[in-house]
Amino acid sequence: MSTTLDTGEEIGAWQTIRRGIEFSPELREGIGGTFAFAVLSTLGRVVVPIAVQQTLDRGLGAAGEPDLSFMGWMATLAGAAILVTAVASYFMTARLFTAAERGLATLRIKAFRHVHDLPLLTQNTERRGALVSRVTSDVDQVSQFLIFGGLIAVVSVGQIAIATVVMLFYSWQLTLVVWICFLPLFLSLRYFQRKLSAAYGIVRQQVGVMLSAISEPVVGAATVRSYAIEDRTQERIDGAIDRYKQASTKAQGLTAFSFSLGGVSAGLANAGVLIFGVLLGVDGTITAGEVLAFAFLVTLFVGPVQMGTQVLTDAQNAIAGWRRVIGILDTPADVVDPGAAGEVLPKGAVAIRFEDVTFAYPGGRPVLHDVDLDIAPNTRVAVVGETGSGKTTLAKLLTRLMDPTSGVVRLDGVDLRTVPFSSLRDRVVMVPQEGFLFDSTLRANALYGKLDATDEDIVAAATELGLADWLDTLPRGLDTPVGQRGESLSAGERQLAALIRAHLADPDLLVLDEATSAVDPALEMRIGRALERLTRGRTSVTIAHRMSTAENADEVVVVDKGRIVQRGPHAALLVEGGVYGRLHASWIAQQSLL
Amino acid sequence: MSRTRDRSSSVSAGSTLRDGFAVLGVAIRREPWIFTVSTLGSLLFGALTVADAWVLGWSTDHVVLPAFETGEVGWGGLVAVLALFLGVAILRAVGIVARRLGAGVMQYRMQAHYRRDVTRQYLRLPMSWHQKHPTGQLLSNANADVEAAWAPIAPLPMAVGTVAMMVIAVLQMLLTDLVMALVGLLVFPAVILANLVFQRLQSPLMTRAQALRAEVSEVAHESFDGAQVVKTLGREQEETERFARKAHQLRDTNIKAGHVRAFFDPALEALPNLGVLAVLAVGVQRVLHGQADPGDVVTIGYLLTIVAFPIRSLGWLLGEFPRSVVGFRRVSAVLAATGEMQYGAAAPERGRPGALLEVDDLAYRYDDGPPLLEGVTFDAEPGRTVAVVGATASGKSTLTSLLVRLVDPRDGAVRLDGTDLRALAPGALAAHVALVPQQAFLFDDTVRGNVALGADVPDEDVWAALRTAQADGFVAALPDGLDTRLGERGTSLSGGQRQRLSLARALVRRPRLLIMDDATSAVDPEVEARILAALRGTPGQEGSTVLVVAYRKATIALADQVVYLRDGRVADQGTHAELLDRSPGYAHLVNAYEVEHPDEQAEVSR
Ligand SMILES: Nc1ncnc2c1ncn2[C@@H]1O[C@H](COP(=O)(O)OP(=O)(O)OP(=O)(O)O)[C@@H](O)[C@H]1O
Ligand SMILES: Nc1ncnc2c1ncn2[C@@H]1O[C@H](COP(=O)(O)OP(=O)(O)OP(=O)(O)O)[C@@H](O)[C@H]1O
Ligand SMILES: [Mg+2]
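These protein sequence lines are chains A and B, in that order.
For the first sequence, the numbering used here gives the first residue as 2, with consecutive numbering after it.
For the second sequence, the numbering used here gives the first residue as 13, with consecutive numbering after it.
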């Protein structure tokens, strides 16, 4: 199982662009028209200076009297060319913006969606800041390039070709000289491109690292403050900021250097043309006028070459960003949704079966060993065990947040891996250990459980759970803002909200992982009794440290060091003793006075 | 959800232009040397571009034409041509490197300065501020906004460098023919006008785009943060739609801004050319009337085309202004935020092992909430253990955050060894008091780093703390022991394991006052008893003062004193036995697990 994201390092620049365009088909839409406008505006850009120059030179310069009619024609031509250039540039740029932004929005959304499709483990290993940077700043980099870079590169190549043809018309020998002078540049471009690509890859990566470093003390603001470790935290952030700065500076240095090479080549070419022009001229192959005209042509060649190299070097940052976004899309979603091909679970209480299930976190030792477990429908199961024994892992396998390393988990006899997610999530709901809420109202959070729930549904769900009085104590009721991650509620209240959310989803199998661990005992018992009623006609698996849950369950499963060591009703296990006896005794001890 | 939306979307164009220059001024004042280097680079580049033309002229006159005339190759001349062209080219390359690298370094340094300032501010501002600003927004402030603010630095040296070129050209024009020059120079007001229109159209769009960038980042951050909930409830599609809404808004705003830009750029390019045509029109008349030479028209026409390039590079610079100003404003809003805690200078000695904690008539409410705590008064004598008991949401965690001064009370005071917490110097409180929060927060660091938190603690002490918190077993089993990296927020550990590390973190500091906010739910009761025993010291010897938020009777029973919170007040305090006796609500709360008689429920309400 891969837990790290594809860095996309293996794919080259062209491939990145090609694949990027595949992911964003909008980029191709209307590209013909855009290109036509580009050609038009390029033509205009060539015509305008020539027309202006002709007007000045021939019109005015024509022996004494200005040639008014010629000037009139030329000025009209120039004016028209200016207008055409402007209009064509407008349409070209506007269309580029539209296509690029539309294509990138699609890419952003696809990448976002894919992050959610990635297995939980991959999501957890990757830093959130880094994930966020892939759908935000990495995409922004691409947009700059697409709008200003891509087309300029294409147009530059066109201009180089045209210039070469015109030069050949004058003198093939001198053309050869020019090309030879630029050959080292063209050849070294690949080398620089690789170096730049690596350098900007590091830059983009450092952005993610930096964002993570910045987000940590924001999320952990309370811990940072209560331990007064602001200085140390700032040092860590500063380190990340500096590393980003260094990476960017290094990349910029490379960019500047490789860009400046174009100028050196141009100097070489100018000198070469004059020198060889003289040599050829002495042979009588070429006239002085031709050499000088050729020297002018070289500038037509040099301009686009420099433009092109600049675009190519600047593009590396964008391509590095693009690569990272594509890297997300290329990371396989190991826990795959079988989709329509899968087997839909029928409604009704679920039977659970673990067959020889072993699980190891990537790169770690197995934390569950050969677990075999059979749970009949309509059973209320309590899972108990010491910290780190593997209870949460068991729950995650049961809800297919992860797939077993070996063995099979079955619901109603169906291998979980063949159940479509839509059916699975509909029937199986887990309330995780940490009650995460979205920064919105209580209502909006409840709706995550059931999209079309009305306020009455929500209140009814709360009432069934015995939480109506709690809702009543909230001055703003369902409109109560819960804050980021639910932190404007107390820890217990967060769990209550998560319970309501899960209950609204009305699952056939409810998995509760310490779902009431922060709730006060009186309320917990009340919820416990309510759940007892509500889980009739369903299967429920409850992980709890408080043994009161186990006492009331139909069946207790005791996990110890990744194995199921005991199972059966509370009373029987109590007689049996063993791990359960110990856990229970310690529970009794904590409920009595020492 | 975005509570930090800008209210400044209707700024006038003039102020954008002014503010844009002001932002650049900030950068130049902060990094004058690098700015000078890159501008010199740009000037060098400009000068050598002119020199290039000169070299061409010189070579033509002194080498090429003579060679053609004489039909002989002068090798010395050819070498000179090569040397001149290469020399100029290399110097020009130096100019380019200085300009581009200088601009880059300046830009990255400014970014780094402001990222540091912004994050310092994040660390300085109070919890209440953080609760109002979503993480994604703050990330965007430190990233996209800082980047936007300093974007104009990249084209800056080029623009400044070409200004010299422009000034020379303009002077030459004026000297050549005043009337035509003035006509030509009409290009300038036209450019400024175009710019004002551009800024006016663009500023609100950019304000919106930057705000939307932050919102996109906010949704992404939150959604990835809650990925497990999204998964378990199968809400991937809805989350994607939520993200797509923001992404589409950003897209549409960017497209609108793009169209404005698409209009502005060609206009800027066309204006100098139109100027040339205007000069021609006027020039021809003047030539016909004998007021000017044709050569003057030619000169001014050429000079205007020379001016075109600086105008474009100025245009690039100005084009970045709206985004820059908006970014800078958003960053400045963070930097200007106030409300950070004021500290005194008191730094108490570590004196006796246990601290005296006095809570005096404390009152607190959250910003827009009803009063939560009122008149809370109790003491924790040195070396004693106090249990705080109360129903869910009764304000226990809020109380603990007041005790470690994460927030300041609305009324009343908390005193440590007689000193008001507000009079303590920064960091002084943490030297005596440690809080184990209800929800453990681990850093993306090693086990050692998470426990020691940068303090200079020998490994034996770390292990000792881990042992007491019952975390030594699983830490020893980790692949690299103390050096194992835990991943962001400690995701590679189980919930209970995280809690134990968070406990060890507090224990290793040997605090004189330890506050545990329901922090031992995943720890076996014997362990808890051991922790408390270890902290209490041996009989006859005073230990640390301990305050625990707890429900477990065994824990409560270890306390010398119980404070029962109800409806924001201390409903009762005394020993566990006393409270059981006289407070039915208390008895109901802590006895809930023991007896399960449904009729008891009616007896007392929460
Ligand atoms: N940041 C906040 N903004 C607004 N209200 C808050 C905030 N934090 C907590 N509250 C409210 O204050 C009340 C008390 O919360 P607190 O966390 O102090 O309770 P608690 O006694 O610790 O509860 P629990 O036992 O569930 O942990 C709750 O009603 C909660 O909604
Ligand atoms: N993402 C992960 N990567 C590597 N190891 C992990 C990961 N998550 C959990 N573990 C390890 O797997 C083991 C079992 O963890 P699990 O969360 O299942 O325990 P648990 O029984 O639920 O504990 P608790 O009662 O503390 O919640 C632990 O040793 C833990 O360190
Ligand atoms: Mg609390």
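Possibly wrong hints are sitting among the right ones.
[Said to hold, decoys possible] Chain A stretches covered by chain B per the calculated footprint, using a threshold of three residues with CB under 8 angstroms from any CB of chain B:
hint : segment
1    : 26–37
2    : 187–194
3    : 344–357
4    : 422–429
5    : 536–550
[To be verified] Residues from chain B that keep clear of chain A, each with C-beta distances beyond 12 angstroms, as calculated:
hint : residue
6    : PHE200
7    : GLU230
8    : ALA403
9    : ASP529
No wet-lab data here; the hints were simulated from the structure.
We treat Cβ as the ideally placed atom computed from N, Cα and C, and that holds for glycine.
Here is what the structure says about each hint:
1. Here's how the segment 26–37 of chain A fares: 0 of its residues keep a CB closer than 8 angstroms to some CB of chain B, so the rule of at least three is not met and the hint is violated.
2. Only residues whose C-beta sits within less than 8 angstroms of a C-beta in chain B count toward coverage, and the segment 187–194 of chain A has 0 of them, not enough to reach three; the restraint is violated.
3. Only when three residues or more bring their CB closer than 8 angstroms to a CB of chain B does the claim for the segment 344–357 of chain A stand; here the count is 0, and the claim is violated.
4. As drawn, the segment 422–429 of chain A meets chain B at 5 residues by the rule of a beta-carbon pair under 8 angstroms; at three or more, the given contact holds.
5. Judged by the Cβ-Cβ criterion of 8 angstroms, the segment 536–550 of chain A is covered by chain B as claimed, because 3 of its residues qualify and three suffice.
6. Every Cβ of chain A is farther than 12 angstroms from the Cβ of B/PHE200; the closest lies at roughly 18 angstroms, confirming the non-interface assignment.
7. A Cβ of chain A approaches the Cβ of B/GLU230 within 12 angstroms, the least distance being about 8 angstroms, so the stated non-interface status is violated.
8. At the 12 angstroms boundary, the C-beta of B/ALA403 falls inside the reach of chain A, the nearest C-beta of that chain being 5 angstroms off.
9. Look at B/ASP529: its CB is around 9 angstroms from the nearest CB on chain A, not clear of 12 angstroms, so calling it non-interface is violated.
In the structure shown, a violation is registered for the earlier hints numbered 1, 2, 3, 7, 8 and 9, in ascending order.
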